[in-house]
Amino acid sequence: MIRSILIAALLMGGGFFASAYNVGYSTAGQNYISKHRDERKSLRPGYYYGRPGYGGFRGGK
Amino acid sequence: MGTDNPDLKALKCSKCGGGLVKSYRSEYDDEEEENVSIPIGKCSSCGQEYDQKTEEYYELFADDLTADKDNSVFRLGIKGTLKGVEYEIIGRIRYQDEDEWEKCTWDEWFAVAADGSYHYFVEEEGEVHSYEDYTPQSIDLESDPSSIEFEGKKISKDDAYVGRIVYAEGELPWKPEIGEPATMYDFKKDGAKFTIEQSEGEVSITRGEKLSYNDVVAAFGGEEHKKLFSETVTRRKNYKLKAALYAVASAVVFALAVVNCLTTTPVAGVMKTKYDLAINVPVSESGQSMYQSEVLYGPFELNRGDALYTARVFVNDSIQKMNLEWQSFRFLLVPEDRLLKAVNHQMTPAALKDLFDEVDAVREPVECYTFSGDFWDEEGTDDEGYWHESDLSVEDDFVLEKAGNYYAYLELTSQKPRATASIGLELKRVKSYRYYIVVMVVLAGLAFWNRAKARTFNAMPFDVAG
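Chains A and B, in that order, are what the protein sequence lines are.
For the first sequence, counting from 1, position 33 maps to 33 in my numbering; every step adds exactly one.
For the second sequence, counting from 1, position 257 maps to 257 in my numbering; every step adds exactly one.
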């Protein structure tokens, strides 16, 4: 029974933590900016990802 | 009698005298709605078949139907006291339901009470009922072809089932034969259970009640049975408690999920200020013509950092309906300070258009988040006929790192020219609940599993109903 209480408490605590701290969601901020800044360092002129000509239109990619 | 009868090993066909062997026959099953193989007896000489409506069948299959006959608290000669009355088990008959192709047996244990009266303990699927002879005030079995009248109560004859004797032992009130049929009616009246049993012109009526297995084990069980039954009861109780604990925890988590799901704060004024940077500019890609528009909304305030937001981009049908076409979009969330710096504080449509035309190439990203999606409206026909479907809304969640003023840039590519105002944009601060849903499902699963174990756990060597 004690083990069941611990399991229930751990699951509920885990759910609360993950929800309260928004675990697993994309972040709008410095992480995005740093990542894209690094990616663009190697871009050649005229090669724009995310624009028509790169990937499919329907996917917006 | 039963497996102890040597005659059973030399079964002969009543038609030709040949030996009978176990066989199978394909027969349509109404419940399964398909053909199934059913066991039958078959003459090895003439091929005569003996199914479960014949006595030969039960003689042939007696061993299969009695293999577990010793798995019981009861046994011949055992004595026990129930509700202050001492009983001695003196005989037993095992019946098989004639309508069942698989094993479906129950045991009727005959007991004699201290006062010399007969008593019956019926054991089936882990339940034990206690029966005694009953003389009804009135009973009419024959007048109505469709029902029996029993003390004013009508019992439909359609409720009858036939039991076939497959085993007998001990001192019994009559000499039973293997395969002998008895037609039975089980029913309730005034809260009591009654059984009417008809066989070869004889009718017996008994009244009974369900016994607690705990009482049965206490009265007739040996030390080992008592120990195993006590373990069974304790473990079942523990599983039940665990199931209740997990069910309560699951309900609490569900409530938290609902609260978080309903806790939303819309961001005001997202579409209040609009810059049309390009409207339906024809472009061509891989020989396909399409139209591009660019819109910038803002500034608007996102007043909570480290918070979860949902952005929803949607087609506003009241402005322009989508009609068998597609449109894709890309959304950029742009902090006001980064935008002003990128355009040197020149917030003119021309400067903004220059910036966003090259937005993927500028070394210092102006946006802090992006996502894309598409809308579509399609129709067609398939084997179910005409269909018309559309998807006119896309949502995305993100955690905003820093509170402040922001702009939203939408790049729109469409199959046909479309009004930029027909694309709506909503932002709202929300709370995460997806992990609560996962935890709730896990807890509910644990509750169901423990509930099932509470019903099925059994340390005893035979069935004990929960």
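A couple of the hints might just be wrong.
[What the hints assert, rightly or not] Keeping only pairs whose Cα atoms sit at most 25 angstroms apart, straight-line, the calculated DSS-like set for lysine-lysine is:
{"no.": "1", "chain 1": "B", "residue 1": "K12", "chain 2": "B", "residue 2": "K175"}
{"no.": "2", "chain 1": "A", "residue 1": "K41", "chain 2": "B", "residue 2": "K175"}
{"no.": "3", "chain 1": "A", "residue 1": "K41", "chain 2": "B", "residue 2": "K353"}
{"no.": "4", "chain 1": "A", "residue 1": "K35", "chain 2": "B", "residue 2": "K402"}
{"no.": "5", "chain 1": "B", "residue 1": "K83", "chain 2": "A", "residue 2": "K35"}
Just so you know, these hints were derived from the structure itself, not from any lab.
Which numbered hints are broken by the structure, listed smallest first? 2 and 5
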